[in-house]
Amino acid sequence: MKFALAISASVVALGSAAYAQDYSQPATAGSVSLQAGYAPDPHTAQIISGGTISASNVGSSCRGWIANAPDYSVSYSAGSTFDLTIGVDSGSDTTLVVNDPNGNWFCNDDGGEGLNPLLRFDNPLSGRYDIWVGAYSRDEYANSTLSISEVGIVAPHVDAPQATGPDYTLPSLFGSASLTSGFQPDPYRIDVVSGGPFAASDTQSGCRGYVAAAPDFELSFSAGSLPLIISAASNSDTTLLINDPNGNWHCNDDGGNAGLNPAISFHNPMSGTYDIWIGSYSAGGNAEATLSISELYSE
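Counting from 1, one number per residue, gives the positions in the sequence shown under the working numbering.
You may find that some hints are simply not true.
DEER-style ranges, computed between Cβ atoms [what the hints assert, rightly or not]:
hint, residue 1, residue 2, range
1, 40, 103, 26 to 32 Å
2, 83, 226, 49 to 55 Å
3, 248, 188, 20 to 26 Å
4, 101, 152, 19 to 25 Å
5, 101, 205, 49 to 55 Å
6, 257, 123, 34 to 40 Å
7, 44, 225, 39 to 45 Å
8, 151, 224, 45 to 51 Å
9, 225, 75, 37 to 43 Å
10, 201, 152, 25 to 31 Å
11, 188, 125, 34 to 40 Å
Bear in mind the hints are in silico, worked out from the structure with no lab data behind them. Values in this document were obtained by computation on a predicted structure and should not be read as measured data. By construction, the Cβ of each residue, glycine as well, lies at the ideal position given by its N, Cα and C atoms.
With the hints as constraints, model all of the structure from the sequences given.
Next comes the structure, spelled out in structure tokens:
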């Protein structure tokens, strides 16, 4: 849908929101520190748009649906020369919400190319910018590229190679953790969004569901004598795909303790990196899910 706010030469602050999103939470897809003149420009990050909270909680004219925690956080050291432009490129209708270093809120819908949002800060402040990438429609989640630039974002970035399937070399979408056997609390839980455009069966025949190109989460694990149990909980039908430290693929559908939840147990786990995808059983069926990592039980 077409709607634009604060896309002129300088953005207009919306002020403080009575029920603002929680910018004190760690950003779901990561963070970066940038100093004026940084390269490469634009700096990009892969985000899954959307959430269950109306962006109008931030300001009555804000559009779309966002998560509670920021999707991305930028610690920026401003200079005297450059503006700061924050934009999104997606095949879906996305929106943008930003909380600046002074705690002011800004939002945009469709200020960039097509249905992509964009905000430009003239004379930007130094400090932290917390960023949410929203979906215009509720219950819609989409792969999106967040771009942060000092030279301007005039068109979608199209020269990057396109993914052809699940790729464990890509940065994980919802973060990472290092855990050692005996970790507390157990289970360790992470909120993710399931699904993606690629069939899990591309990795191994018999795997079910559809996943993103990048892992949803990356676990660096130091094993002990206990098993490692990775599972997911969701109100939707989800699947699980894991690449283990030896590069082997593992998958499951409905092996958890409840309903349609998946689970994979490693009875003699290896130390190393486990790349984890939460899939949706049906194509296009993205859903909120909780990834659980435990040495005791599955979800």
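Which hints from the list above does the structure break, by number from lowest to highest? 6 and 10
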